[in-house]
Amino acid sequence: LRDLLRPFAIATNAAQSDHCRLDTILLLLGYLYHIHNNNRIDARLRSTIHNSLEKRWKKVDQDVFILAITFNPYLRKKAFKSGSPFRSTSKLFSLASQVFKRFYGRAPDSFFRRAFSEYLSNTGMWSDERMSLEYFRNNAREHDTYVDMVGIWREKLMSETLSDIDGANGLVVLAMRIMSMVPNSASTERTFSKFGAVHTKARNRMGFEKTRKIVVIDTHIARIHGVAPTYKRKRNEDAHEITNATTPAAFSTPTQDS
Numbered sequence: 001l002r003d004l005l006r007p008f009a010i011a012t013n014a015a016q017s018d019h020c021r022l023d024t025i026l027l028l029l030g031y032l033y034h035i036h037n038n039n040r041i042d043a044r045l046r047s048t049i050h051n052s053l054e055k056r057w058k059k060v061d062q063d064v065f066i067l068a069i070t071f072n073p074y075l076r077k078k079a080f081k082s083g084s085p086f087r088s089t090s091k092l093f094s095l096a097s098q099v100f101k102r103f104y105g106r107a108p109d110s111f112f113r114r115a116f117s118e119y120l121s122n123t124g125m126w127s128d129e130r131m132s133l134e135y136f137r138n139n140a141r142e143h144d145t146y147v148d149m150v151g152i153w154r155e156k157l158m159s160e161t162l163s164d165i166d167g168a169n170g171l172v173v174l175a176m177r178i179m180s181m182v183p184n185s186a187s188t189e190r191t192f193s194k195f196g197a198v199h200t201k202a203r204n205r206m207g208f209e210k211t212r213k214i215v216v217i218d219t220h221i222a223r224i225h226g227v228a229p230t231y232k233r234k235r236n237e238d239a240h241e242i243t244n245a246t247t248p249a250a251f252s253t254p255t256q257d258s
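Numbering (the UniProt record's numbering), first residue to last: 1 to 258.
Simulated from the structure, these hints should not be mistaken for lab results. Possibly wrong hints are sitting among the right ones.
Just the calculated beta-carbon pair ranges, DEER-fashion [unchecked claim]:
{"#": "1", "residue 1": "Asp63", "residue 2": "Met206", "range": "42 to 50 Å"}
{"#": "2", "residue 1": "His19", "residue 2": "Ser94", "range": "25 to 33 Å"}
{"#": "3", "residue 1": "Phe195", "residue 2": "Asp109", "range": "44 to 52 Å"}
{"#": "4", "residue 1": "Ile217", "residue 2": "Arg44", "range": "48 to 56 Å"}
{"#": "5", "residue 1": "Asp18", "residue 2": "Arg203", "range": "49 to 57 Å"}
{"#": "6", "residue 1": "Gly151", "residue 2": "Asp109", "range": "19 to 27 Å"}
{"#": "7", "residue 1": "Thr89", "residue 2": "Glu209", "range": "44 to 52 Å"}
{"#": "8", "residue 1": "Thr89", "residue 2": "Arg154", "range": "23 to 31 Å"}
Restricting the straight-line Cα-Cα distance to at most 27 Å, the calculated cross-link-like pairs of lysine-lysine (DSS-like) are [said to hold, decoys possible]:
{"#": "9", "residue 1": "Lys101", "residue 2": "Lys78"}
{"#": "10", "residue 1": "Lys77", "residue 2": "Lys91"}
{"#": "11", "residue 1": "Lys78", "residue 2": "Lys91"}
Being a predicted model, the structure only gives us computed values, none of them experimental. Glycine included, every Cβ here is placed at the ideal spot set by N, Cα and C.
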């Protein structure tokens, strides 16, 4: 029973993280699907789990989730197995074009198409070196935190305004928008809990605006300097399990259609 529940506990822990992104969720679904594709597991149980995962996948905005994988510069197309339609630049551009139209009301231009193709090919200004991927990875490791995906893309902005969606800048704006999406409410719930901790019965005359400012400052300090863990389990053990669960090398089929 413990072995059966452990993968779901790891996935739940990762999905509730403040740093969880859409690509994390899709990789977790692939992780759970893969490890339960084992003949040692009872066939009925295996079928039930797979059906449940597929049902959840059908309910989400699949195009956006797949693009979230693609806009992770450490993954790009590598998360999809050889032979998958999502290894094709034209297929991925079709998804990007559809989502772009939904978000901005018009089709991306030819310069967007060229930039998207170069990004998937890891060439030019979109190479690992030009996107400083090693720097961002090392910086996250030094500060014991997660890689700032939005920060990576923000450094590629070519305009001072996010309303400029022409050419390559449109690609950057779209990527930032998708990689900024948080698929859980953990951060919001934690903020409301802090409101209750600050605005107590003993301090019930404190104004709402002052309460908000105190919580904002407290959150800002915690984000910069970190907070002491409230549990005995070491953070690096949790991080190691989450990393293993969200690394494409661990499985070959992150989505049913791939």
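Original post:
Against which earlier hints does the structure fall short, listed by number upward?
Top reply: Structure breaks hint 5 only.
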